[in-house]
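Asks: Listed below are the residues making up each chain.
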Amino acid sequence: MVLNRRIGRVLRENMAQYAGSLTLIILSGMMFTGMVLVGSNLTRLGQEFEIQNVQEDASFTTSMPIENLQELEAEAGAVIEETRTFDVPLTGGATLRVFSQNEKVNLPAVIEGRPLSGGDILLNPVFAEAQGYEIGDVIAILGRPFTIAGTMALPNYIYPLQSDTELMYSPQSFGIAIIPQADFAALDTGKSFYAVKFNEADPHPRAQSARFRALLLSKGIGIQQWTDIRDNKRVNSATLKLNAINTMSRVMPTTLLLLTSILISNVISRLIRRESAVTGALYALGYRKMEIYTHYLIFPLAIALAGGVIGTLLGLLTVRPMVLFMLTAFDIPLTAIDYNPGALLVSVLLPVLFLGLSGYLSIRKELKHSPVELMKGDRDQARVNVLERSLRLDRFRFKTKFQLREQLRSLSRLAFLLGGVAIATMLLLYGFTIKSSLDTFTTTNLTGTYHFQFEYFFKAPRSDPYPPGVEPFAADLFLSETDENLSFYVSGVLPDSKLLSFVDKSGASLSTDQVIITRPLAERLKVKSGDTLNVLRKLDGQAFSLKIDSLADTYVGKYIFMPLADYNAQFGLPEGSYLGLWSPTALEIPQDQLYWRKSIDESIAAINALTEPIQTMIVMYSTVAFFIGLIVIYLVTSMIIEENRASISLLKIFGYRKKEVNSLVLNSSTIVVVAGYLLGVPLILASIRGLLQSLDSSVGITLPVSINPLYILIGFVVVMLVFELSKLLSRKKVDAIPMSEALKASME
Amino acid sequence: MFIEISNLEKSYTTGLVVTEVLKGVGLQLEKGEIGAILGPSGSGKSTLMNILGGIDRGDSGSVCVDGVEISQLNDDRLTDYRREHIGFVFQFYNLVPNLTVGENIEVVSNISKLPLDTDEVLAAVDMQDKKHRFPRELSGGEQQRVSIARAIVKNPKLLLCDEPTGALDYASSRSILKLIQQVNQKFGTTILMITHNTAIAGMANRVYKLRSGEIVEETLNPLTVPAERIEW
Numbered sequence: 098m099v100l101n102r103r104i105g106r107v108l109r110e111n112m113a114q115y116a117g118s119l120t121l122i123i124l125s126g127m128m129f130t131g132m133v134l135v136g137s138n139l140t141r142l143g144q145e146f147e148i149q150n151v152q153e154d155a156s157f158t159t160s161m162p163i164e165n166l167q168e169l170e171a172e173a174g175a176v177i178e179e180t181r182t183f184d185v186p187l188t189g190g191a192t193l194r195v196f197s198q199n200e201k202v203n204l205p206a207v208i209e210g211r212p213l214s215g216g217d218i219l220l221n222p223v224f225a226e227a228q229g230y231e232i233g234d235v236i237a238i239l240g241r242p243f244t245i246a247g248t249m250a251l252p253n254y255i256y257p258l259q260s261d262t263e264l265m266y267s268p269q270s271f272g273i274a275i276i277p278q279a280d281f282a283a284l285d286t287g288k289s290f291y292a293v294k295f296n297e298a299d300p301h302p303r304a305q306s307a308r309f310r311a312l313l314l315s316k317g318i319g320i321q322q323w324t325d326i327r328d329n330k331r332v333n334s335a336t337l338k339l340n341a342i343n344t345m346s347r348v349m350p351t352t353l354l355l356l357t358s359i360l361i362s363n364v365i366s367r368l369i370r371r372e373s374a375v376t377g378a379l380y381a382l383g384y385r386k387m388e389i390y391t392h393y394l395i396f397p398l399a400i401a402l403a404g405g406v407i408g409t410l411l412g413l414l415t416v417r418p419m420v421l422f423m424l425t426a427f428d429i430p431l432t433a434i435d436y437n438p439g440a441l442l443v444s445v446l447l448p449v450l451f452l453g454l455s456g457y458l459s460i461r462k463e464l465k466h467s468p469v470e471l472m473k474g475d476r477d478q479a480r481v482n483v484l485e486r487s488l489r490l491d492r493f494r495f496k497t498k499f500q501l502r503e504q505l506r507s508l509s510r511l512a513f514l515l516g517g518v519a520i521a522t523m524l525l526l527y528g529f530t531i532k533s534s535l536d537t538f539t540t541t542n543l544t545g546t547y548h549f550q551f552e553y554f555f556k557a558p559r560s561d562p563y564p565p566g567v568e569p570f571a572a573d574l575f576l577s578e579t580d581e582n583l584s585f586y587v588s589g590v591l592p593d594s595k596l597l598s599f600v601d602k603s604g605a606s607l608s609t610d611q612v613i614i615t616r617p618l619a620e621r622l623k624v625k626s627g628d629t630l631n632v633l634r635k636l637d638g639q640a641f642s643l644k645i646d647s648l649a650d651t652y653v654g655k656y657i658f659m660p661l662a663d664y665n666a667q668f669g670l671p672e673g674s675y676l677g678l679w680s681p682t683a684l685e686i687p688q689d690q691l692y693w694r695k696s697i698d699e700s701i702a703a704i705n706a707l708t709e710p711i712q713t714m715i716v717m718y719s720t721v722a723f724f725i726g727l728i729v730i731y732l733v734t735s736m737i738i739e740e741n742r743a744s745i746s747l748l749k750i751f752g753y754r755k756k757e758v759n760s761l762v763l764n765s766s767t768i769v770v771v772a773g774y775l776l777g778v779p780l781i782l783a784s785i786r787g788l789l790q791s792l793d794s795s796v797g798i799t800l801p802v803s804i805n806p807l808y809i810l811i812g813f814v815v816v817m818l819v820f821e822l823s824k825l826l827s828r829k830k831v832d833a834i835p836m837s838e839a840l841k842a843s844m845e
Numbered sequence: 038m039f040i041e042i043s044n045l046e047k048s049y050t051t052g053l054v055v056t057e058v059l060k061g062v063g064l065q066l067e068k069g070e071i072g073a074i075l076g077p078s079g080s081g082k083s084t085l086m087n088i089l090g091g092i093d094r095g096d097s098g099s100v101c102v103d104g105v106e107i108s109q110l111n112d113d114r115l116t117d118y119r120r121e122h123i124g125f126v127f128q129f130y131n132l133v134p135n136l137t138v139g140e141n142i143e144v145v146s147n148i149s150k151l152p153l154d155t156d157e158v159l160a161a162v163d164m165q166d167k168k169h170r171f172p173r174e175l176s177g178g179e180q181q182r183v184s185i186a187r188a189i190v191k192n193p194k195l196l197l198c199d200e201p202t203g204a205l206d207y208a209s210s211r212s213i214l215k216l217i218q219q220v221n222q223k224f225g226t227t228i229l230m231i232t233h234n235t236a237i238a239g240m241a242n243r244v245y246k247l248r249s250g251e252i253v254e255e256t257l258n259p260l261t262v263p264a265e266r267i268e269w
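As they're listed, the protein sequences go chains A and B.
Just so we're aligned, residue 98 is where the first sequence starts under the working numbering, counting upward by one.
Just so we're aligned, residue 38 is where the second sequence starts under the working numbering, counting upward by one.
No wet-lab data here; the hints were simulated from the structure.
Incorrect hints may appear among the rest.
Computed list of chain B residues with no C-beta within reach of chain A, every gap over 12 Å [claimed, not checked]:
#1 Met-38
#2 Gly-61
#3 Ser-212
Okay, the calculated bits of chain B under chain A, using three or more residues with CB under 8 Å as the criterion [to be verified]:
#4 82-93
#5 118-127
#6 133-146
#7 162-173
In this text the structure is predicted, and so the values were computed from the model without any measurement.
Yeah, the Cβ is synthetic: ideal placement off N, Cα and C, and Gly gets one too.
All chains, please: the whole structure from these sequences, using the hints.
Replies: Structure below.
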């Protein structure tokens, strides 16, 4: 059809709108493809790793070695393997936890390098990189040299925390390694633990564990420590993070792609409506409706298809580097990238669907008019909507009236600008909010609650004197009677503790001579002051009741604190005993007496290390937000200019100076841009809060969602800069409108 | 003379075609007079008015308004000239559709140094009760009244009317012409109208007939006819 020759020309004539729409679809398509595939690949890689490398169902230590493993395996319907391990300090101050190589359960996956042979060692990759180790380097372990054969991942150490009380992994201070069993035996050191993998998956894994524990006891095997895989923080914190990434990487870009498609549909509809005179002429000349549909649908479909395909292809390019980047946080081998065709199809077809549909509906609406009506031009031009009609603006300055009327002229255009700026704001503040929340967590919560530097937890209760300034405590893991997936610590502390401080919601200080529950746990269990909480001790399932006296407004974790004497009495510990010490300074305690040693500064350093990749994320999101904001504002400004050519021309005739015309027309969006930003701030806080709450099924910490006012200000400045830039780009267009435009126009 | 145009020439080039629109036009109008430019389509009426209104520039010749040679003004000064001294009334009214009647008048009063009161001007054009209406809610004649109100709110030295009755029916046209005459008498505004309706010439002090870019006839009319007596 000869008519189609004008397609390129029309696209060129409306370059700003079409190019802007195309870019917006490309950006959202790229984010959608990239993020959805990154999220799904990470989850899949994690799951495959757990299955292929036979992740344990539980690990345990016993009072004595298990003599006949094969018989036990047969009886329990499980695979059981003994793993030996010890910690060794390295010259740089870091600790390396060395394991013997397993053959049945928790099989190591070689990420880089070669499989183990005699005299070799495999390290976890993040630690190797942090410590500067290369393949072929030699490490001395207890005086024996080991050659680094490569890097590996262990399915029971996906997130290699040194102890399960830690929040964040720090590769600067801790790493894991495996060596061949024979080499381990030759070192003649270490302790054992067992990993069990049941042959049949039970829908009630805790009951399955309980049956197995009962079997062990029936054979006279005492259990010293038991950890179900779902309680293993080295696994579940990774799983939760991966789930968070997966959820986030679906929700955010899908919303973005959907909103972008809806927003662009609006732009396309307006562009089609602006063509009404031509449509009318074609109609009058005898073109059939189908021919007109075919011609005009090419515009939205071309934009949607081109944007969808280019965006999807660009998104595909980002998947591998992004997955690799994300895997620096977890020890999971990258076997292969799965390019899910369903996601690719959605990325291409969603814009096609929305733009095609809105294009079709717009054309259908146009074709309901007679050719004569269509040829008269834009019939909407003189129409006044209800809002415009109901507004009385007498008390405002003329400039304000003009700008308000201009924005209310088209409610869909208003919604486009408001929605676009709100989306850009949300993207812009997304990273900032997470960083701010982490900052608040470390600065306000950790250092505001804990006034000690070191925590030492002993393997057995003690009652000997401790140095002045040091405080004893006891702690054990408990489960909620109503939610067995929720584990938390109950801690016994001094009733007049100087090293702990809590405040309630009103900010009033809480004394530690009462039972205090922290806010994340109280919210999760839905308990308040005065309630009685039924809990089960995790080790033996024994039930206890605790009457909650106060709720502490702190996000340090899910804890219940109570006076140490009461703790000992209620949980059967000797009077005057304690299990750990809190100290402002380092204490000389032999390592073999300790389960763990924790430093608050190290925890904060680890959290800060975690925020480093967030900086990259902030830059990435901010860049995308910058462009989305710029395109949306530029598109709306272009629409305003195009739809007001006659008015702008008229203003020039009446003697308005360039600056005044620009100010009237271009600044009319200021109020909507500011409103869009103000709308975006609570929206991002609410969405992150909702997201974290939905993910807080058993994670050890709950982040207080907050945003530093400075970041709000920075975000505002960025949005306003984007607005100014868009105005700058649009200024030429306003200047280029000739005065003759009004003379030719018949506005009313 | 309040307006003195001499030897004004203007041509447009489209591709290889040069169209001479004005060929040495000369025109004079005293302060407070009504002038009429008559001519068929394509005679150059609108171009002449655009140049006089400071919207366009001539190629050569002189255009002097109230002692100011406007052909010598730069773009900024020309904007000031339009802003402070010229009122425009268009054939198709050119009201801003999303502004009310009152706000359409404010478009001009907003940038005027000494604007008249909006309500007073609306009363002068008998539109005071339509102040909060939108243009779409008015008849063509009413819209042209608003357009006149908008033009005179700045109390311009010169009111340029481009086919002010061109889009109106007979009754509305007579009412608008009466209003224009009233404005001239009440505010002493110098008015120049372009029209192809020869009957309107009766209310003008000077009438210029333009054909193919040249003044072919100039008539002084000492006995102007009141607008309500004009018939066509």
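Asks: None of the hints should be skipped; say for each whether it holds.
Replies: A quick look at each hint next to the structure:
| no. | hint | in the structure |
| --- | --- | --- |
| 1 | Met-38 | holds, 24 Å |
| 2 | Gly-61 | holds, 23 Å |
| 3 | Ser-212 | holds, 18 Å |
| 4 | 82-93 | holds (count 5) |
| 5 | 118-127 | holds (count 7) |
| 6 | 133-146 | holds (count 10) |
| 7 | 162-173 | holds (count 4) |
No hint from the list above goes unmet by this structure.
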